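Colleague: Each protein sequence line maps, in turn, to chains E and L.
Residues in the first sequence are numbered consecutively from 35, following the numbering used here.
Residues in the second sequence are numbered consecutively from 39, following the numbering used here.
FYI, nobody ran anything at the bench for these hints, they're computed from the structure.
Quantities reported herein were computed from a predicted structural model and do not represent experimental measurements.
No residue lacks a Cβ here, since even glycine has one placed at the ideal position from N, Cα and C.
Certain hints may be false.
Listed next, with one range per pair, are the computed distances between beta-carbon atoms [to be verified]:
(1) E:779 - L:124: 40 to 46 Å
(2) L:58 - E:71: 56 to 62 Å
(3) E:661 - L:51: 49 to 55 Å
Covered by chain E, per the in silico footprint, the following chain L stretches (three or more residues, Cβ under 8 Å) [what the hints assert, rightly or not]:
(4) 115-122
(5) 143-157
Covered by chain L, per the in silico footprint, the following chain E stretches (three or more residues, Cβ under 8 Å) [claimed, not checked]:
(6) 357-366
(7) 702-714
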Amino acid sequence: MQTEKMAMTFIAFCLPFLGALAAPFLTRVLGHRAAWPLSLFPAAIFLHFWRFLPEVSAGEVVTGGYAWVPAYNVSFSWLVDGLSLAFLLLISGIGTLIVLYSGGYLKGHPHQGRFFSFILMFMGAMLGLVASDSFLMLFVFWELTSITSFLLIGFDHGREASRRAALQALVVTGGGGLFLLAGLLVLWNVTGVTQLSLLLSFGEEVRASSFYAAILVLVLGGAFTKSAQFPFHFWLPNAMEAPTPVSAYLHSATMVKAGVYLLMRLNPVLGGTTPWETILPAFGGLTLLVGGVLAIRQTDLKLMLAYTTVASLGLLVMLTGFGSQHAAAAAALYLVAHSLFKGALFMVAGLIDHETGTRHITRLGGLARLMPVTFAAALLAALSMGGLPPFFGFLAKEEVYAALEGGSLRAIAFTLAAVIGNAMMFAVAFAVALKPFLGPRVETPKAPHEGPLLLWLGPVVLALLGLGAGLFSGLVHPMVSSPLATAIAGEPETVTISAMPHASLPLLLSVVTVALGIAVFLLLERARAAAGRLVEDIGWGPDRGFDQVMTGLVRVSHRLARLLQPGLMEAYLTTTFVVVALALLVPLALYGEWPRLPIWPADAQFHEIAVMALALAGVFGVLSAKNRLNAILALGIQGFAVALLFLLFGAPDLSFTQFMVETLSVVILALVMTRLHLQPRDARPLGQKLPDAAVAIACGLGFSLYLLKVTQGRFDPVLTEFFDLYSKAIAHGANVVNVIIVDFRGTDTLGEIAVVMTTGLAILSLIRIRKGSAAAAGPAGGPSAQAVKEEQQP
Amino acid sequence: MNTVIFRTLAPFLTALMLLFSVFVLLRGHNEPGGGFIGGLIAASALAIYGIARGIRPVREALWFHPMTIAAFGLLLACIAGLVSMLAAVPFMTGLWIYPSLFGVEVPLSTVMLFDFGVYLVVVGAVTSIALALEREDI
Numbered sequence: 035m036q037t038e039k040m041a042m043t044f045i046a047f048c049l050p051f052l053g054a055l056a057a058p059f060l061t062r063v064l065g066h067r068a069a070w071p072l073s074l075f076p077a078a079i080f081l082h083f084w085r086f087l088p089e090v091s092a093g094e095v096v097t098g099g100y101a102w103v104p105a106y107n108v109s110f111s112w113l114v115d116g117l118s119l120a121f122l123l124l125i126s127g128i129g130t131l132i133v134l135y136s137g138g139y140l141k142g143h144p145h146q147g148r149f150f151s152f153i154l155m156f157m158g159a160m161l162g163l164v165a166s167d168s169f170l171m172l173f174v175f176w177e178l179t180s181i182t183s184f185l186l187i188g189f190d191h192g193r194e195a196s197r198r199a200a201l202q203a204l205v206v207t208g209g210g211g212l213f214l215l216a217g218l219l220v221l222w223n224v225t226g227v228t229q230l231s232l233l234l235s236f237g238e239e240v241r242a243s244s245f246y247a248a249i250l251v252l253v254l255g256g257a258f259t260k261s262a263q264f265p266f267h268f269w270l271p272n273a274m275e276a277p278t279p280v281s282a283y284l285h286s287a288t289m290v291k292a293g294v295y296l297l298m299r300l301n302p303v304l305g306g307t308t309p310w311e312t313i314l315p316a317f318g319g320l321t322l323l324v325g326g327v328l329a330i331r332q333t334d335l336k337l338m339l340a341y342t343t344v345a346s347l348g349l350l351v352m353l354t355g356f357g358s359q360h361a362a363a364a365a366a367l368y369l370v371a372h373s374l375f376k377g378a379l380f381m382v383a384g385l386i387d388h389e390t391g392t393r394h395i396t397r398l399g400g401l402a403r404l405m406p407v408t409f410a411a412a413l414l415a416a417l418s419m420g421g422l423p424p425f426f427g428f429l430a431k432e433e434v435y436a437a438l439e440g441g442s443l444r445a446i447a448f449t450l451a452a453v454i455g456n457a458m459m460f461a462v463a464f465a466v467a468l469k470p471f472l473g474p475r476v477e478t479p480k481a482p483h484e485g486p487l488l489l490w491l492g493p494v495v496l497a498l499l500g501l502g503a504g505l506f507s508g509l510v511h512p513m514v515s516s517p518l519a520t521a522i523a524g525e526p527e528t529v530t531i532s533a534m535p536h537a538s539l540p541l542l543l544s545v546v547t548v549a550l551g552i553a554v555f556l557l558l559e560r561a562r563a564a565a566g567r568l569v570e571d572i573g574w575g576p577d578r579g580f581d582q583v584m585t586g587l588v589r590v591s592h593r594l595a596r597l598l599q600p601g602l603m604e605a606y607l608t609t610t611f612v613v614v615a616l617a618l619l620v621p622l623a624l625y626g627e628w629p630r631l632p633i634w635p636a637d638a639q640f641h642e643i644a645v646m647a648l649a650l651a652g653v654f655g656v657l658s659a660k661n662r663l664n665a666i667l668a669l670g671i672q673g674f675a676v677a678l679l680f681l682l683f684g685a686p687d688l689s690f691t692q693f694m695v696e697t698l699s700v701v702i703l704a705l706v707m708t709r710l711h712l713q714p715r716d717a718r719p720l721g722q723k724l725p726d727a728a729v730a731i732a733c734g735l736g737f738s739l740y741l742l743k744v745t746q747g748r749f750d751p752v753l754t755e756f757f758d759l760y761s762k763a764i765a766h767g768a769n770v771v772n773v774i775i776v777d778f779r780g781t782d783t784l785g786e787i788a789v790v791m792t793t794g795l796a797i798l799s800l801i802r803i804r805k806g807s808a809a810a811a812g813p814a815g816g817p818s819a820q821a822v823k824e825e826q827q828p
Numbered sequence: 039m040n041t042v043i044f045r046t047l048a049p050f051l052t053a054l055m056l057l058f059s060v061f062v063l064l065r066g067h068n069e070p071g072g073g074f075i076g077g078l079i080a081a082s083a084l085a086i087y088g089i090a091r092g093i094r095p096v097r098e099a100l101w102f103h104p105m106t107i108a109a110f111g112l113l114l115a116c117i118a119g120l121v122s123m124l125a126a127v128p129f130m131t132g133l134w135i136y137p138s139l140f141g142v143e144v145p146l147s148t149v150m151l152f153d154f155g156v157y158l159v160v161v162g163a164v165t166s167i168a169l170a171l172e173r174e175d176i
């Protein structure tokens, strides 16, 4: 039973990728209606994880998985507790609605199949991320979400802005992922475990470790970039270049919460310290305020929502690090509430855009009568976002204020930040939900009417869930909120807050927030102008900073490449051989390890001396040849003589190979000479030849001395004995050399033949480029042009 | 080089060398030889044919583009490694079977398949370079 469930879970993690494979074919056959069968993939995953609810809400942690690289203690393993499960359900549940929504939103788009494929791949990556138990798997899925998000933001790749936004998101979040990797490696070194579930019991060691600061900075580097915390918030609004289903899914409900997820996951391990409880609330609070102000400034529905998402993420980070009694519960409630209302509002924004052709709030009005269902969904979601009873958002906000309340200066400061931030979000929520729908009708590029079922289903379901969860909080808390809060806090937490208003400080703060929010809403035009002036006065922002960094990076790389790659063969060869000579000679000189002068062997046979003389004659031939072709042949003679020496001294394999290599070298060098139309004679002046000769002599001397030294050392026969013993016994081969190549060190050989193949391809393309340019040069290139045709035929 | 004797002899020489290269490949496990050397011999054989008759006959005789042959060799080598995973042992573990052909026990192994892959990569890569360099009019 247990193994069966494990296999089912494994399949659930694979399902999105299978769906991604099937999507293009289904879309080709069914068109936009492919959304219906494709939505079954996330729906099945949702149902599978739904069955975990009884176990997890009883406080159990479900783990499972398979060994991956047992030698390094790396596994493909998952961990499902309250935190993971809440995320898993949100990702698969909202994912189902998003797939349906994409079916309507991109109806008739030529690349709709590709879009489905990308979004399902992203879903798979995100599910893996939040369920990962092993560090490596967490990192792999983390980067996979960055990559799939890159594909989705750049989906409309014909537009410059799309491409820039995609690249920016990839650089910022992918770069942050590298921080995370480093942080995880340090954690591994400190604790010796590679699994999150085991890490949780090492909190004391980690916090006491001298590497704690390093771990903290690295983990926060990953989390803050992913969750768009100030000053890395700029990529998220730019990511709104993506089609709206992507904004609703990745950039509000799921991916941007990965950073928050990580902080929540590690809160029991890293949390509770002064740096944690200072940095997180400080950055979170700042992000909340910056996001709020920037949201007010916008007139584009999606951008307004995007900046409030930044603000909400700030609030979540602030709560995660706040460390007070109710903080974990507040973070848990706000996380769920935000996913529901923000997903719905984004889909509403996309729906308005789809039906009217614009999403500029100033160019919209009076749509309520034409799009009643959309209006209802928008209103319900906005009520939850504004934090009005009995919606789930209200519960979340009450809990937030309960968490922040206190007499200390810190508590008062953060309460103030939360009230101002929430008021601004309140204003934006109702601006998005009311302005386009009420008031006089404004002419829009397209004649609006109610969208199709596929488009309004998602926002309506999410908005109703926000209402239902608030009304039936007695049911929702034990199932979702309490286990979630328990996982964040690392100790049992029970969430009890209900929609029943009760006289308390949080309620008072709520009233203040709503009043302030209404004020901002009524004065929105003026507030927008003020926020706009503020941003313009500041001028420079991190978005421009990103461009400056990237331009600088490209410029430096360009200069470096020009410096290291001048394109002169002579320079490359001289550098290579000078380095070889130095590498051989310097250590010998530095450690005084010069070899003894060898004595002339008394028993040197005549034929051995003859072969050596032959080699010397070859070298002399190379040096004295008037003609390059002769020099190549003479080099071949020298090579053959060396091959004979190998044969005489008992290395038949080596000798055999040397013979073949020499033969082919002569052939290929001769071909290169004729192909490149080199001068038959080397006509360089002596001034150029002498330095080359010096380098050559230094190299030769270095090799000779080195070989002498090696042969004069004591020979360690351990490898010889090993291979003699085992080559026949376990690898069934008597030729030790070949057995090493194909069996003992077969993986090396696999790499080597891949290199041989790649080198071949590279040389082939270089030759073809040359041919192409020769053909383009004019009539002289006639035969070459024929050769090109000849090349292309096979 | 363009003598009648050479042009006449080249095909026979090439055929013999190709046969020899396969022989060297197969004996490699127990005596000097193996995929690398065998591949180099085969490449020289094709080079001789090319020098004698020009590159078009070589290309026609090979049927596939030499790079395709090299890629196929790399694929074979990878498959040889992966087969052991199917048998639930780590990647690249040598597996041996001893089927009996006409009453003679013939040892076959994934190692041999791997060596054959090495052979094809070397033949393909070296030949494609040599053929690309050679001029049509030689």
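Colleague: Give me the numbers of the hints this structure contradicts, sorted from smallest to largest.
Modeller: Of the numbered hints, 1, 3, 6 do not hold.
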